Amino acid sequence: MYKKVELKNGFAGMEKEVAQMWKERNIIRKNFAMNEGKRHFTFYDGPPTANGKPHVGHIETRVMKDIIPRYKVMKGYKVIRKAGWDTHGLPVELEIEKKLGISGKEQIEEYGVEKFVKECKDSVFQYVSIWEEMTNKVGFWVDMDDPYVTYHNEYIESVWWALKQMWEKGLLYEGHKVMPYCPRCGTALSSHEVAQGYKDVKDMTCVAKFKVKNEENTYILAWTTTPWTLPSNLALCINKSYEYSKVEVNIGTPEEPKYEKYILAKDLVEKVLKDKQYKILENFKGEKLLGTEYEQLMPFANVDGKAFIVIHGDYVNLEDGTGIVHIAPAYGEDDSLVSKQNGIAFVNLVDKSGKFVEEVTPWAGKFVRDCSEDICRWLQDNNKLFSKEKHLHSYPHCWRCDTPLLYYPKESWFVAMSKLRDELVDNNNKVNWYPDTIRTGRFGKFLENVIDWGISRDRYWGTPLPIWTCEDENCGHRECIGSIKELKEKGIDVPEDIELHKPYIDEVKLKCPKCGKQMKRAREVIDCWFDSGSMPFAQWHYPFENKEIFDSEFPANFISEAVDQTRGWFYTLTAIGTALFGRSPFENCIVLGHVLDGKGQKMSKSKGNGVDPFLLLDTVGADATRWHFYTCSAPWLPTRLSLENVEETRKRIFKHIMECIFILCTIC
Amino acid sequence: MDKWIISKLNTLVKEVDNKLEEYNITAAALQIEDFTDELSNWYVRRNRERFWSQEIDDEKIGAYVTLYEVLTTLSKIIAPFVPFISDEIYQNLVVGLDNSKPESVHLCLWPEVNEEMIDTKLEEEMDLAYKIVKLGRSARNSANIKNRQPLSKMLISISNLPEYYADIVKEELNVKEIEFGADMAEYVNFEIKPNLPVLGKEYGKLIPKIKEEIAKKNQMQLATQVKTGKVEYIEIDGTEIGLDSENLLITMHGKEGFAFGGEGEMGVVLDTKITPELKKEGYIREILSKVQNMRKDKGFEVLDNIKLYVSGNSMLEELIKENDELIKHETLAKEIIYDLSKEGYTDTNINGETLKIDVEVIK
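If you read the sequences in order, they're chains A and B.
First residue of the first sequence? That's 1 in this note's numbering, and the numbers climb one at a time after it.
First residue of the second sequence? That's 1001 in this note's numbering, and the numbers climb one at a time after it.
If you are wondering where the hints come from, they were derived from the structure by calculation, not from laboratory data.
Everything numeric in this text was worked out from a predicted model, so none of it was measured.
Warning: the hint list may mix true and false statements.
[What the hints assert, rightly or not] Only pairs whose alpha carbons sit at most 25 Å apart, straight line, appear in this in silico BS3-like list of lysine-lysine:
hint : chain 1 : residue 1 : chain 2 : residue 2
1    : A       : K366      : A       : K288
2    : A       : K30       : B       : K1101
3    : B       : K1076     : A       : K655
4    : A       : K16       : B       : K1296
5    : A       : K651      : B       : K1131
6    : B       : K1279     : B       : K1176
7    : A       : K38       : B       : K1014
8    : A       : K511      : A       : K164
9    : A       : K23       : B       : K1076
10   : A       : K655      : B       : K1296
11   : B       : K1153     : B       : K1134
12   : A       : K655      : B       : K1014
13   : A       : K258      : A       : K240
14   : A       : K655      : B       : K1146
15   : A       : K75       : B       : K1101
Generate coordinates for the entire structure from the input sequences, incorporating the hints supplied.
If you want it as structure tokens, here you go:
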């Protein structure tokens, strides 16, 4: 009566046959076409990058993304499932640099930007067939025949539109701000990128002695974790509300005493002077120290303006160090701010590749972070070192190439997200997060402290920043271009088929409407996270096309990605949605935990404990893998996965069903 | 039974729908998992006689129609979770039979819930019976007594169960009698110890005193309380310590002559004393089982009649003679032959006794 449900070729074999049947009978298309004209349920597919091979974590996101749209189709909703590919950005450029055996921007320029960008474009779909195979095998039904691709001209045009919206709302500005900067990649990083790369490292730290002017043998003590910033020191910062002490210390021996006087916070005297013989000479309010002048610590910078003076900053605390902070205005956000407030001069002794400039004679051309020991030795030899020690602290590294970041003053373009802080928090509070703790915790906290989004990247392969500046310095007029049409109207001899990429777009000049001279495009491209965060409208080439589809497909009812996206896609979606549409572009979000090995260890290449996704799908099968992810633990908790424990899951769930089917098929 | 599984099925359709609506994927999947266990280990098992019966009567057809409905509906519920096997099942059970239906499970809509078929009371009672049986099985396991060995009595902590379900429990667990409302403390020894890796870390030095405090408590009460997720507070030298299922290790086992199985607040105890009568019954059950296996191994059809040969153990032969009717009926043996000289016997272990058995099909 019934065809027996036999699994002659095992589960994976059965799955292959079923997939073949779907293909032959066009079942996937028929499923996509279901419920035409019915109410919409909207799902956004966060775009993966196809320039690397998929790993088991990608299976997890795919199976979680898949189940809800399938269920909603069965419930009678129209569900559009458009796949997407994230194609721009530094990771792609790094791959190409590696492939070509070159490194850094100078060598890229030498190789040729056009050729380099072509290589990037060709490489982004290098692994796309492997991704498609994985997607098919896992049974994730998403429309991969008509995906959105972030490097397509239409997509870029929509992103330009978004940037122009922000420009018109006054949210886009150029700032000179101290930024986390990767000296290897030669580009500034945004705060959410920095947040992805904190690592514990041991660095040489020291307490330096700053000689007070006109007072014999008296020094102010200040601690730093970055000795390479000491040659650029221009001020010392105290908190005027604290008590400070002047202390006499014997730095000689008990038999042959030698005395020096030090100034530091009263509460830290014991901690800093621990084993030394000392006597407190006087205690006083920090206020009294303000304006005290001291001698330049290291004689390399030629300083023009106010410097070498004690100033006040609210942020100075008594947790570490001496209660006195050394200020190098070029290399820290707080430093920069407090210097500006006090009218302190500016000096930068580090070049863009993170090396000391010529003036710093002993170490010119050396990478600054490698000079810490030398600097401490120099201080020692010049009687300017109080103490030094290795110190374990969390330091940001480039999330792509692992180079320790430097803080560096750079011209950069920003989206003024801090102006939208309250709106971001409000909009996020309307989102249903699974688990809810993300809303108020990890993500909510991040939004409450949101800072302006540095979106420009001094790189090549990305959406070009559509801002042109008049070449006449006296004019300096700026235009933000929001469409290809506008570009052709305002540009001079714009090719009909202009590709919105470097280097082609850099050749386009505008005619300045103010002074009639030529306008030149800003050289930067933008953060690729801005691309993916624009997908709600850019996937439809909105507002240039598909207005109706966009209206019915915004916001998304459902998205799901891994937990690291709170600093990535979840953030950029929220940021752009808030800036442009005054709301979050998604209503429900399942946040996924990481995949661990069978013993609960993190999977890593070096340990070799990763599970090959294809081996898993070809042996134990997709259904068992899916069921494992659904049942092993709540989606946001880590999932333990090995071939063996997926096999156990398979037995646990399918044994019963297969037994019942066997009875039905055998007897009837 | 049919009403029960159909009620459970409709509840499942409703609950999985509600849970997916709330994006609670894990709870939805686990509920499906529970259902497949109940379907196979309870519904199908309890109805095996209906499924395998010789005549095609209403009982048999009813069982089939029910199982068919359950499996086809289940294929739709599991479709979003496991798209491959669900369509394989659907193709074979539905498309092959009725080509007016959608050609893939993925072109079907979510099954409708038939509220009228949901009988909450029925579900609760049957679920309870199944739970008792599972506990009873685990009690048997702990005492290492096969299910085929009949036992005289089971004691259950709950106060009552309608007779219909009590009968099912007796049959499933092969016990003669059930006593409700039993005080577990009479039959069970409790051993409650601090879980040292957990408690020791926090209260290292206090451990001996904690042990004393635990020993002073009513063990049964403490065990029940902790096992149902509550916290018991004790105070030692001014430190308040909450005892819970994380930091205590609780083992419960039957006192001499009893086997225990428990979960949460419910416990069952089996009287493990085997009287000579029970022992004889155990032999017969074992013999029946061995003969059935032999039929299967030799590849006889379910409905074939056989000749049964036995020899080599006068005590068991005597017992077989006493139960001639029963054995013939259960094994479809037309005759039982006691012949030592026959060749081709298999030596079979019958609860420690050796019996030579052979079967031949009658054409």
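Practice task
Starting from K1279 of chain B, check that the Cα of K1176 of chain B is at most 25 Å away, please.
Solution key: holds, 13 Å
Practice task
For the pair supplied as a hint, K655 of chain A and K1296 of chain B, confirm whether the alpha-carbon distance does not exceed 25 Å.
Solution key: holds, 21 Å
Handout entry: Hint consistency between K16 of chain A and K1296 of chain B [alpha-carbon to alpha-carbon, up to 25 Å]
Key = violated, 34 Å
Problem - Holds or violated: K651 of chain A to K1131 of chain B, with C-alpha atoms at most 25 Å apart - result: holds, 22 Å
Practice task
With a cut-off of 25 Å on the C-alpha distance, tell me whether K23 of chain A and K1076 of chain B pass.
Solution key: holds, 20 Å
Problem - Agreement of K366 of chain A and K288 of chain A with the hint, judged by alpha carbon distance not exceeding 25 Å - result: violated, 40 Å
Exercise for the section: With a cut-off of 25 Å on the C-alpha distance, tell me whether K511 of chain A and K164 of chain A pass. Expected result: Given pair K511 of chain A, K164 of chain A holds - Cα atoms ~18 Å apart, limit 25 Å.
Practice task
Below or equal to 25 Å on CA atoms is what counts here, so check K75 of chain A against K1101 of chain B.
Solution key: Status holds; Cα separation ~17 Å.
Problem - Agreement of K1076 of chain B and K655 of chain A with the hint, judged by alpha carbon distance not exceeding 25 Å - result: holds, 18 Å
Handout entry: Distance restraint between K655 of chain A and K1146 of chain B, which requires alpha-carbon spacing of 25 Å or less
Key = holds, 23 Å
Handout entry: Satisfaction of hint between K1134 of chain B and K1153 of chain B, Cα-Cα up to 25 Å
Key = Satisfied, since the Cα-Cα distance of roughly 16 Å is no more than 25 Å.
Problem - Given hint K1014 of chain B paired with K38 of chain A - CA-CA distance at most 25 Å - result: With Cα atoms ~22 Å apart, K38 of chain A and K1014 of chain B stay inside 25 Å; holds.
Hint check: violations occur at hints 1, 4, 13; the rest are consistent with the structure.
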